[in-house]
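*Asks:* Residue numbers (this note's numbering), protein chains in the order written: chain A, 69 to 437; chain B, 390 to 593.
Treat the hints loosely; a few may be bogus.
[Said to hold, decoys possible] Once the Cα atoms are required to be at most 25 angstroms apart in a straight line, the calculated PhoX-like pairs of lysine-lysine come out as:
id : chain 1 : residue 1 : chain 2 : residue 2
1  : A       : Lys368    : B       : Lys591
2  : B       : Lys464    : A       : Lys357
3  : A       : Lys368    : B       : Lys427
4  : A       : Lys176    : A       : Lys85
5  : B       : Lys428    : A       : Lys431
6  : A       : Lys208    : A       : Lys368
7  : B       : Lys430    : A       : Lys431
8  : B       : Lys441    : A       : Lys373
9  : A       : Lys430    : B       : Lys428
10 : B       : Lys428    : A       : Lys234
11 : A       : Lys234    : B       : Lys427
Simulated from the structure, these hints should not be mistaken for lab results.
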Amino acid sequence: MSKMKELKKIIVNKPLKLDCGETIINYPIAYETYGKLNEKKDNAILAFHALTGDQFLTGINPVTNKKGWWTYLIGPSKPIDTNKFFVICANVIGGCMGSFGPSTVDEKSKKPLGTSFPVITINDMVNAQYNLLDHFKIKKLFCVIGGSMGGMQVLQFVSNFPNAAKNAIPIACTANHSAQNIAFNELARQSIMADNNWDKGDYVNKEKSPDKGLAVARMAAHITYLSQKGLQEKFGRKLQETDNINFGFDADFQIESYLRYQGSVFVDRFDANSYLYITRAMDYFDLTKQYNGKLSDAFKNCSTKFLVISFTSDWLYPTHENKDIVIALNACGADVGFIEIISDKGHDSFLLDLPEFLTTIKKFVDANY
Amino acid sequence: MLITNMKEEFKVIANLIEENTRVLDVGCGDGTLMDYLKKNKNIDPRGLELSKRKIQESLGKGLSVIEGNAETDLKQFPDKSFNYAILSQTLQAFYNPEKVLDELLRVANIAIITIPNFAHINVRLQLLIKGKMPVTKNLPDEWYNTPNLHMCSIKDFFEFCDKKNLNLFKALTIKNQKISEINKRNLFSKNLFSELGIFLIKKK
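The task is simple: from the sequences and hints, build the whole structure.
*Replies:* Have a look at this one:
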């Protein structure tokens, strides 16, 4: 991973007081940009990534050599056309693609921080990323956009910086992480921590890695990103490289083989401690509570135009949770549009080649630019 | 659903709305009226619409439209968040038009309601002479596939407002692009010869 050293970064020398009480300073934020910032600096879009995403949202990720996670939506001649827009995406703090996180090497001890990394929140993430606006001398973003945890960052960003974005597109997200989602995240964390190789987060210094725990965490999470119907249609009861069931515990079914594969490739690109920290940040996200039980107060000072999008088969961040955001925005007279896209692809829909979804965003950004 | 007079109807509605006001277009379709209000009346309107395709069209015009149904989704708007709520030719298609009207007058000071008149002479004659449910160019659907559940006449709407103690302070109709007022004196003939009723109501 020598390419990790070549990642674009800013070192933030402004202190940031985290929600947990600690203050951080001189910490790195790794980012990538696509397209050109115009002279008026009015064509910038800040995109926020989801739990396991990173700054490489389109093109080829130089570290993994895989396609970016939002290539269907963003890129040259894509719905968000980087010939026209300047798209910035940063790795969240807590992440493992160059930004300040548990795998950051501590200058004093020369060891990765591991679990001595402070517990961070969605609020901390967006406060850290705001420094990129100063870096590029952008006064007002044309748009902030993100799905899932990226959508939570959109909501937090607009409430923290009510004049920093002209438009906002939170997708398939929530204003308060639900009990079900906390439960799934806890399952993932327990899986990682139950792996002996995790070693209280100190695995890096002992040259081992909780791959099994992290793979199981990913497998479980992956199921939640799909839908019952989508799984049934794609896999059904199809068998994997076998004509009959084998009366054993190998992967007889295609769905088993698929999940095992998803788990195994994930551990190559993601850090187990980052997974713990970021899922915790999602669980702690409760924008309503931040505003003393009145979500609409989070948006009462903003002039941002919102487009909220949900998907019919998303059971992780279901439509009604997205609608709660719309209701709160209406309650304070904010400018908001809302559409529920029909899809049987579950929560993952926002990452896929879904024409209805892609066209909606294209129409919205083009009409408002 | 009725499409005749569409443009004329919208022009009339647009003329009834004051500049710089807050407007909710319930069942805003492709956003034609909202777009007009935005461009000509310095209004930043909001829309509620069921059709996803039409919502996309509206979003493509830079309009803020929320997917939803007037019967279930008006509750998200606070009391009196709008000066006007527009409901064009859909009142008759709701399960509970009375409740929808209540909600419209909760979220807005003034509701602009338009209805296809079921007492128009063509409709009456079809029922009287043929003894069949009327199918006209304004009411093109058969009894078994019409979205209309609660057809009413202009006279019915007048009586409804009386009964519910609503202030029906303006009633108009359009015929051959000519706008005329409906009042209690001409109600008999207007109810017979008008295809469309446009009503402005508010709470007393």
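*Asks:* With reference to the structure, classify each hint as holding or not holding.
*Replies:* Cross-check of the supplied hints:
1. Lys368(A) x Lys591(B): With a Cα-Cα distance of about 28 angstroms, the restraint between Lys368(A) and Lys591(B) is violated, given a limit of 25 angstroms.
2. Lys464(B) x Lys357(A): Holds - the C-alpha atoms of Lys357(A) and Lys464(B) are around 23 angstroms apart, at most 25 angstroms.
3. Lys368(A) x Lys427(B): It holds: about 23 angstroms lies between the C-alpha atoms, which stays within 25 angstroms.
4. Lys176(A) x Lys85(A): With Cα atoms ~21 angstroms apart, Lys176(A) and Lys85(A) stay inside 25 angstroms; holds.
5. Lys428(B) x Lys431(A): OK: Lys428(B) and Lys431(A) at ~19 angstroms, within 25 angstroms.
6. Lys208(A) x Lys368(A): Distance of about 18 angstroms is within 25 angstroms: holds.
7. Lys430(B) x Lys431(A): holds, 24 angstroms
8. Lys441(B) x Lys373(A): Since the Cα atoms of Lys441(B) and Lys373(A) sit roughly 19 angstroms apart, the hinted pair holds (cutoff 25 angstroms).
9. Lys430(A) x Lys428(B): Roughly 22 angstroms between the alpha carbons, so the hint for Lys430(A) and Lys428(B) holds.
10. Lys428(B) x Lys234(A): holds, 20 angstroms
11. Lys234(A) x Lys427(B): Since the Cα atoms of Lys234(A) and Lys427(B) sit roughly 18 angstroms apart, the hinted pair holds (cutoff 25 angstroms).
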